[in-house]
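Kindly produce the complete structure, drawing on both the sequences and the hints.
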Amino acid sequence: MTVYLVGAGPGDPGLLTLRGAELLRSADVVLYDRLVTSDVLALVRSDALCIDVGKRPGTDTPGADRRQHEIGRLLVEHGRTSAVVVRLKGGDPFVFGRGGEEVEILEAAGIPWQIVPGVTSALGVAGAAGIPVTHRGLASSVTIVTGHTLDRGGTPGPGHEPNWAALAKTGGTLVILMGMASRAAIAAALVDAGRDADTPVAVIEHGTTPAQRMVRTTLTGLPDVDLGPPAVIVVGPVVALAPRAPEAPRG
1 MTVYLVGAGP GDPGLLTLRG AELLRSADVV LYDRLVTSDV LALVRSDALC IDVGKRPGTD
61 TPGADRRQHE IGRLLVEHGR TSAVVVRLKG GDPFVFGRGG EEVEILEAAG IPWQIVPGVT
121 SALGVAGAAG IPVTHRGLAS SVTIVTGHTL DRGGTPGPGH EPNWAALAKT GGTLVILMGM
181 ASRAAIAAAL VDAGRDADTP VAVIEHGTTP AQRMVRTTLT GLPDVDLGPP AVIVVGPVVA
241 LAPRAPEAPR G
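Counting in this note's numbering, the sequence shown runs from 1 upward without gaps.
Derived from the structure by calculation, the hints contain no laboratory data. None of these values were measured; they are calculated from a predicted model. Don't take every hint at face value.
[To be verified] In silico lysine to aspartate or glutamate, EDC-like type, Cα no more than 20 Å apart, as pairs:
| no. | residue 1 | residue 2 |
| --- | --- | --- |
| 1 | K55 | E70 |
| 2 | K169 | D192 |
| 3 | K55 | D33 |
| 4 | K55 | D65 |
Here is the structure:
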């Protein structure tokens, strides 16, 4: 009996790893997140137990923590009674997916586990939109950061607040996940810390799926972008390299 933490990738089922697809076809139980697409779930056996454990946007932190506790309980319960349990997460389990916390729960319960990495949306979505997050002469580094710790008013949320002043000075490419609700505060923090207000920005909604939409703007214009989650925000000169009309993802 083993629990597999599987990265589902950024949305396009073609970006799921071969190992991930193999495990979905053999799983007895699948616990899946909100961002896992129906095309990926279609790979699961018809007789398997599928449990939606996704947390919805806007969930308050205590509620989210209670939900995470319930996910841990389900992982232990099914990990003890089923041969193959898949914990299916959008992107990669260890990139802002709370995969490390779930591994700690499984370890404490003595349940065998394995990680099956996935294509993180931080890189996959930008790449599919034609944005190279590194590029000689423009960006020699890329930093992935969560915007979820700022609320809509710019107040630091619970946990460790990203050091926006340091990020503004680092240069390179900045990729922000879960940042749409706090995009105005993020833009202001970066500009206040010295990042040029005209720095190119791309916001990519539903990346790698047929519903993908991308808006180009600058840090000044970021607060006015009218796209919703899930979205990836890319900040840096490399944004200008993306084609004006990238080929639409295949459905």
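The hints, checked one at a time:
1. K55 with E70: Between K55 and E70 the Cα gap is close to 11 Å, so the pair holds against 20 Å.
2. K169 with D192: This hinted pair holds, its Cα atoms lying about 11 Å apart.
3. K55 with D33: holds, 7 Å
4. K55 with D65: holds, 10 Å
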